[in-house]
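In terms of the numbering used here, the sequence shown has 689 at position 689, counting the first letter as 1, and numbering is strictly consecutive.
Calculated from the structure, these hints are not laboratory results.
Watch out, some of these pointers could steer you wrong.
Here are the simulated DSS-like cross-link-like pairs (lysine-lysine), alpha carbons at most 25 Å apart as the crow flies [claimed, not checked]:
1) Lys-261 <-> Lys-297
2) Lys-561 <-> Lys-543
3) Lys-782 <-> Lys-677
4) Lys-782 <-> Lys-702
5) Lys-543 <-> Lys-627
6) Lys-261 <-> Lys-238
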Amino acid sequence: MRALFSSIWAKLLRRVSDYSLNRKIALILGLSGLGLILITVVLLAVFDYAFSRRAIVSQYQSLGEVIAMDTTPHLDFEDSIGAEKMLRAFFKNEGLIYGAVFDRYSVKLASIGEIPDGFAPRFESQGYVELSYLKSRIEVMEPVGSLETGERFGTALNENALLDSPGGYVYLVGDLGPIYEAFAVKSLLFVLLLGMGAVLVIWIASRMSRLITVPILELAQTAHRISQDRDFSKRQNKVFNDETGVLVDAFNQMLEQIEEKGAIIRSNEERFREYFELGVAGMAILDSSGRFVEANKRLGELLETDETSLLETVFDDWVVPAEAEKEVGPFQALKERCQPGFSEERWLKGKGGVQIFAIISVRRLAKVLGETDSLYLTLIQDISDRKKAEEALLASKQAAEEANRSKDEFLSVMSHELRTPLNPIIGFVDLLMLTEQNEEQMGMLSSIRRSSEHLLNLITDILEFTRAQGGRLEANPEAFDLPDLCRNAMDIAERSGAANGIEVTLRTLDSKCVPEGVQLFADAGKIRQVVINFLSNAVKYNKDGGKVWLDAKVVELPGEKVEVRIQVEDTGLGISPEMQEFIFEPFTQLDMSLQRKHEGVGLGLSICKRIAECLDGEISVSSEVGKGSVFSLSVPVRYVYDERFGESGDAPKLVPRSPEFGVNRVLLVEDDVENMKLVEAKLRKLGVPFEWAKNGLVATEKLRDSHYDLVLMDVRMPLMDGLEATKVIRESETERSSGRRVPIVAMTAHASERMRSECHEAGMDGYLSKPVQFEQLECYLKRYLASSS
Numbered sequence: 001m002r003a004l005f006s007s008i009w010a011k012l013l014r015r016v017s018d019y020s021l022n023r024k025i026a027l028i029l030g031l032s033g034l035g036l037i038l039i040t041v042v043l044l045a046v047f048d049y050a051f052s053r054r055a056i057v058s059q060y061q062s063l064g065e066v067i068a069m070d071t072t073p074h075l076d077f078e079d080s081i082g083a084e085k086m087l088r089a090f091f092k093n094e095g096l097i098y099g100a101v102f103d104r105y106s107v108k109l110a111s112i113g114e115i116p117d118g119f120a121p122r123f124e125s126q127g128y129v130e131l132s133y134l135k136s137r138i139e140v141m142e143p144v145g146s147l148e149t150g151e152r153f154g155t156a157l158n159e160n161a162l163l164d165s166p167g168g169y170v171y172l173v174g175d176l177g178p179i180y181e182a183f184a185v186k187s188l189l190f191v192l193l194l195g196m197g198a199v200l201v202i203w204i205a206s207r208m209s210r211l212i213t214v215p216i217l218e219l220a221q222t223a224h225r226i227s228q229d230r231d232f233s234k235r236q237n238k239v240f241n242d243e244t245g246v247l248v249d250a251f252n253q254m255l256e257q258i259e260e261k262g263a264i265i266r267s268n269e270e271r272f273r274e275y276f277e278l279g280v281a282g283m284a285i286l287d288s289s290g291r292f293v294e295a296n297k298r299l300g301e302l303l304e305t306d307e308t309s310l311l312e313t314v315f316d317d318w319v320v321p322a323e324a325e326k327e328v329g330p331f332q333a334l335k336e337r338c339q340p341g342f343s344e345e346r347w348l349k350g351k352g353g354v355q356i357f358a359i360i361s362v363r364r365l366a367k368v369l370g371e372t373d374s375l376y377l378t379l380i381q382d383i384s385d386r387k388k389a390e391e392a393l394l395a396s397k398q399a400a401e402e403a404n405r406s407k408d409e410f411l412s413v414m415s416h417e418l419r420t421p422l423n424p425i426i427g428f429v430d431l432l433m434l435t436e437q438n439e440e441q442m443g444m445l446s447s448i449r450r451s452s453e454h455l456l457n458l459i460t461d462i463l464e465f466t467r468a469q470g471g472r473l474e475a476n477p478e479a480f481d482l483p484d485l486c487r488n489a490m491d492i493a494e495r496s497g498a499a500n501g502i503e504v505t506l507r508t509l510d511s512k513c514v515p516e517g518v519q520l521f522a523d524a525g526k527i528r529q530v531v532i533n534f535l536s537n538a539v540k541y542n543k544d545g546g547k548v549w550l551d552a553k554v555v556e557l558p559g560e561k562v563e564v565r566i567q568v569e570d571t572g573l574g575i576s577p578e579m580q581e582f583i584f585e586p587f588t589q590l591d592m593s594l595q596r597k598h599e600g601v602g603l604g605l606s607i608c609k610r611i612a613e614c615l616d617g618e619i620s621v622s623s624e625v626g627k628g629s630v631f632s633l634s635v636p637v638r639y640v641y642d643e644r645f646g647e648s649g650d651a652p653k654l655v656p657r658s659p660e661f662g663v664n665r666v667l668l669v670e671d672d673v674e675n676m677k678l679v680e681a682k683l684r685k686l687g688v689p690f691e692w693a694k695n696g697l698v699a700t701e702k703l704r705d706s707h708y709d710l711v712l713m714d715v716r717m718p719l720m721d722g723l724e725a726t727k728v729i730r731e732s733e734t735e736r737s738s739g740r741r742v743p744i745v746a747m748t749a750h751a752s753e754r755m756r757s758e759c760h761e762a763g764m765d766g767y768l769s770k771p772v773q774f775e776q777l778e779c780y781l782k783r784y785l786a787s788s789s
């Protein structure tokens, strides 16, 4: 039943859903009014029926009580005639069809009217009133009191006596037909009222619904006309100030916004069209297959054709495809990489065969309503001139780099050529100064030594400054020992200081924080160069009898960082605050006058600053005129494992070898006889036996046949240079797999970091710059001509 009701209700809703809004509103209002009227009529009918029933019951019950009071004497005297007269007097009541009086023994004393069908009175001491709707009658049984007992109905004080033993009974039967007729008339009246109310409600609903539907229908008609005419300047007139008025206001406001947006869109479209047609770059709109949909005049000019001819071609016809795009096509490749801001440089081929280099930008356009295929806006900008300029610039750059390389090579050759004659001059002077000479001869030798060193320093400064200016300073880190570095710098400074009456002292050397079995790792050569420059300046610009102090220490910083800090303090002339700002600039000296006392070109500190920057370090100065200066250097370093230590962590003790270990100990490879004689003299001075090879080829042959503990290898030699010879030696050692590796120390006048790096890459273990210092040579001999004790 429930399913049937749901099905009927669903069908009704589907049918009603297609009604017009006017009919729907009228239907809702009509059904609501009818429902209200129907409920009212039903409630009135129910209330009327209830009141009528109560009234008839009360009427017959009262009639029975009155007859019972008047019948009491007739029952006591068994007066049937009097009882009948009395009943006849009351029988005139409308609707009474039968009446009877019974004695206490339920014997009928008198009656009037016809006995009704189904006559079966019940004699109950309490009496009763019974309505029978099917029989359309009402029955009343009322007990009657007795005068013999002194009791009378309605006046007796003892009601229990009446209930226990009534004196008789009055029985009445009434017809309900008149009541039904009256109720039927009233019901008909109610139905008429219901019908009239329904008609009135439907009429009012149909009229009232127009207050809602008419403005909405007018609004719909206006929207339809605007949609057909595409005229968004039209407006709908507002009739009421209710919700429909709010709807009309919102509709008109929407039209205003659409009109404004339309004006903006038209303006942007016109502007785009102007850009498209008058743009300095080629522009086109392509479909998803790469076919031209639109093209501007500029694109036709770039491709040496006209816009109409372009529309008959595809994008790939004008592009020089890359190797990777021959299968998918250039345009498909561009589509796959099509992102906001994407652009690509490509070669295009014009109709006349000329090629242009262009920047191509592709952007997918948003689909317009009704479009099924995607369109792509393509911007093509000719950058052929820029490409030519870039190529010319690249060629210039390459030429400049080639010129730079040529300059480097020239400087390297010049360095070699200048240092080569200086090497024996300084070396032999040093050897002569070690022999017995008179005072005049010693003075001459000192002058030669000083002038040679000055010339060597000038050559070194000019070469270093040239590299620094060209940005070619590179750090070449290596493991080093801070005490060795300081002592090496001190050896040079002490000799210079002693010659000028200046005391040079290593005041502080603190490397306690360096763990045992670990070395510092940084570009020791550049650090040494800065320290030597600081010490040289401190000696040069000091007073007679002045002092110079060197302080060096290793500092561990937070974050597992390590730093080497070096200070050189002197009691010299001092530097004014104004000059301190420029002291690290090139060609800057304390005394720039023609009568200056000190020699030099003012490049040393400038090179030191560039070196500090190259090593990520810092350089500074603090000074007071007349009291002296303090130059400081701080360079970050790191720890590395010292391979000289074994598993026990103890360093091997180095013991100089003596000649009795054999004659084939050191191999000197040098093509210049003068330099060979100089090194020979120094080796003999140290008591170290050696053999000579005049070039790299001879050296490789000697190493193939004999055993040597150390090779001093010149770099620039005929037939086979030192780098190539070292590579051959290392390859030979690898092939023999003996595990022995002979130490090779470069000995060259090519004073450059690039040469030092090339030597290291070739497999050399050390580097000596010519002119070879006696102390440096001795240091390498002690390092490699030693054995573990």
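Okay, the hints, checked on the actual structure:
Distance restraint check for Lys-261 and Lys-297: the Cα-Cα separation of roughly 30 Å exceeds the 25 Å cut-off, and the hinted pair is therefore not satisfied. A threshold of 25 Å between alpha carbons decides the hint, and for Lys-561 with Lys-543 the separation of about 39 Å lies outside it, so the pair is violated. Of the supplied pair hints, the one linking Lys-782 and Lys-677 holds, its CA atoms being roughly 21 Å apart against a limit of 25 Å. Restraint check for Lys-782 and Lys-702: the C-alpha separation of about 23 Å stays at or below 25 Å, so the hint holds.
A threshold of 25 Å between alpha carbons decides the hint, and for Lys-543 with Lys-627 the separation of about 10 Å falls inside it, so the pair holds. Between Lys-261 and Lys-238 the CA atoms are separated by roughly 24 Å; this keeps the pair inside 25 Å, and the hint holds.
Against the hints set out earlier in the document, violations occur for numbers 1 and 2.
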